[in-house]
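Put together the whole structure using the sequences plus the hints.
Protein chains: 2
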Amino acid sequence: MSHDEVTTFPVERLSEFTVRVLQSFGVPEHDAHLAADVLAVSDLRGIDSHGIARLHSYFSMLSLGRINPQPKITTVRETVGTAVVDGDNGLGLVVGPHANDIAMDKADAAGSSWVATRNTNHYGIAGYYVLKALERDQIGWSMTNTTRIVAPLWGADRMLGTNPIAIAFPGKEEPPIVIDMATPAAAFGKIEMALRRQKPIPDGWAIDKEGYPTTDPERMADGGAMLPLGSERERGGHKGYCLGAMVDLLCGPLSGGNWGPFTPPFTIGHADPEREVGEGLGHLFGAMRIDAFRDVDEFKLQIDDWIRTFRATRPAPDTDGPLIPGDPEREAEEIRRREGIPLIPAVVNDLREISSRTGIPFD
Amino acid sequence: MSHDEVTTFPVERLSEFTVRVLQSFGVPEHDAHLAADVLAVSDLRGIDSHGIARLHSYFSMLSLGRINPQPKITTVRETVGTAVVDGDNGLGLVVGPHANDIAMDKADAAGSSWVATRNTNHYGIAGYYVLKALERDQIGWSMTNTTRIVAPLWGADRMLGTNPIAIAFPGKEEPPIVIDMATPAAAFGKIEMALRRQKPIPDGWAIDKEGYPTTDPERMADGGAMLPLGSERERGGHKGYCLGAMVDLLCGPLSGGNWGPFTPPFTIGHADPEREVGEGLGHLFGAMRIDAFRDVDEFKLQIDDWIRTFRATRPAPDTDGPLIPGDPEREAEEIRRREGIPLIPAVVNDLREISSRTGIPFD
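The listed protein sequences correspond, in order, to chains A and B.
The first sequence begins at 1 in my numbering and counts up one residue at a time.
The second sequence begins at 364 in my numbering and counts up one residue at a time.
Calculated from the structure, these hints are not laboratory results.
Computed from a prediction, not measured in an experiment: that's the story for all the values here.
Even glycine gets a Cβ: it sits at the ideal position worked out from N, Cα and C.
Hints are not guaranteed to be accurate.
[Claimed, not checked] Computed spacing ranges between beta-carbons, pair by pair:
{"#": "1", "chain 1": "A", "residue 1": "E333", "chain 2": "B", "residue 2": "D468", "range": "38 to 44 Å"}
{"#": "2", "chain 1": "B", "residue 1": "T630", "chain 2": "A", "residue 2": "H270", "range": "49 to 55 Å"}
{"#": "3", "chain 1": "B", "residue 1": "T630", "chain 2": "A", "residue 2": "L301", "range": "27 to 33 Å"}
{"#": "4", "chain 1": "B", "residue 1": "E498", "chain 2": "A", "residue 2": "S355", "range": "54 to 60 Å"}
{"#": "5", "chain 1": "B", "residue 1": "P636", "chain 2": "A", "residue 2": "S63", "range": "55 to 61 Å"}
{"#": "6", "chain 1": "B", "residue 1": "E597", "chain 2": "A", "residue 2": "G26", "range": "42 to 48 Å"}
{"#": "7", "chain 1": "A", "residue 1": "R196", "chain 2": "B", "residue 2": "E697", "range": "47 to 53 Å"}
{"#": "8", "chain 1": "A", "residue 1": "E135", "chain 2": "B", "residue 2": "P538", "range": "39 to 45 Å"}
Here is the structure:
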């Protein structure tokens, strides 16, 4: 995306619009603010694909009655350190923060926790949830399964979602280390961008509908699939597949959500899965109370030392040296808080359409 | 390794030899059996690099007094769902199973658990520990940091170990799904094999000591480094780096063990780290009681369904279709229980040397 194509908006304005749109479907005010916050954090951190750009999908799903605007979120099973939460087919942007709060509360009680969540929908960026844990001096874990688009190594069909994993570690003087990674070789957003520009994609990202490697984004989009991290056997594609499978197994079968090829579609354009094996999507949230393991300050000083040590790594030729996970997102946030969120015309048009259909002013 | 080079030994005979060698250093009988069992499971499952082939390294470290044969393993901090264990510089093969038992007991009490372990040494295959959890209808997690050999993306130095992650899920009629993966693009054993045969390695596995990509295993071995899963930025090398970092952060700073470039050397040939930032290596064990989330049988039936669904994936051209994680290891075990463990001449020679130095008969 080149800079002259984009229009920038203050994040507060986008959030206000989101809140009003969601409220127009009967989403309670508190929930609407929660959801808007998840999208705003994504936009601020530069994860454009998961921010306000997705409002149109949520809007469509709510319009069609496929997402419940007023879910009754319940804990259906629990122990001192675990819970299973049923999201009542609510917005993942609402169910997610709720279940994540339970995970953090349980870690307070038991030292650590896992909360499996079913009957939910796409929950925004995985990283949002682990940032919340940092505020409580906890190490947060966040995973979700998602609509199928990735082939397992040696498979020719879409069987897994992009299934991200996030975890974060707080520093004392240094900013936190924030890991938030999807499990394919490349982000789908990059393939979408290549599609729009009619440019080839690198080898190792995708296969076509016959299962052959392809560098043509059209061939991936037309019934092909993304490849897991590692891409091929020789470079560890089985490991990327294992990671995607791990997230799927922890989010689906453990919670009672759907899994693998049976995860529900994200937008109205996708075909329905062959059968249901659970309810909705699944997430998994975890929390570890740092002081259950070490004095908090001692831990944070170690993280500072880790960060400084890794920043001081001798750089590979023609690079500035390794980044610390979370660096790019933090730098994006500094700029975007100041300059606003850049939106491409397609997203602005989507938002204008929502505006005209709801009567809620956008710009 | 070609078959005519190897000699096969019944696993029981290798275990007996291991037990007697360890006992000769004063390792208590129960601990010696525990350690021998970890090595045997590795050899049975076809992870040759982590089985009896490592006995010589343990032997050297014990001979030099660098590993404590009679550690007093203590829990130094705990909550209902967490513990920090100090391994008193014992064999990782002994400290690991002990800490893993604590993790499983804590999951019984709290639904789930994490046990961070410091002041320990190499613990064998990560997968060993999660197989134990299966026996208790738990989902086990196992991670360890290890001696540095992997460069972070855009770095030119060895900063991280091969830092594996393992997790397993039990089926009812199907065998369990067992994920056990190191976080670089390829196993170091494969680079060693290329070295022995003076053959090139694939692009994406390694860099030389200047940080340039190399396909020459000698150049990797001579001060170069392995690359993380994903290999380069375009193919997600930052994600492999994130995974290696995650394991390091959870095993080192959380437990009070060393981390990153300061992890202790595995064998006597490696230089000592620049400084100490903790004690020994670090492991992290976790357990999730399945019935804290779902009825155990219901869960296992879902896993069976998952396995059958993924086995039925349409195969990519020129492949037999996706494997289920754990398939190759289980198949190796079936053969090796029947036919014995194949050892290459270098390993047999190492064992004979131990035999001649200890007077314990080998063959």
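Please name the hints from earlier in the document that this structure breaks, with their numbers sorted from lowest to highest.
Of the numbered hints given earlier, the structure breaks none, since each of them holds.
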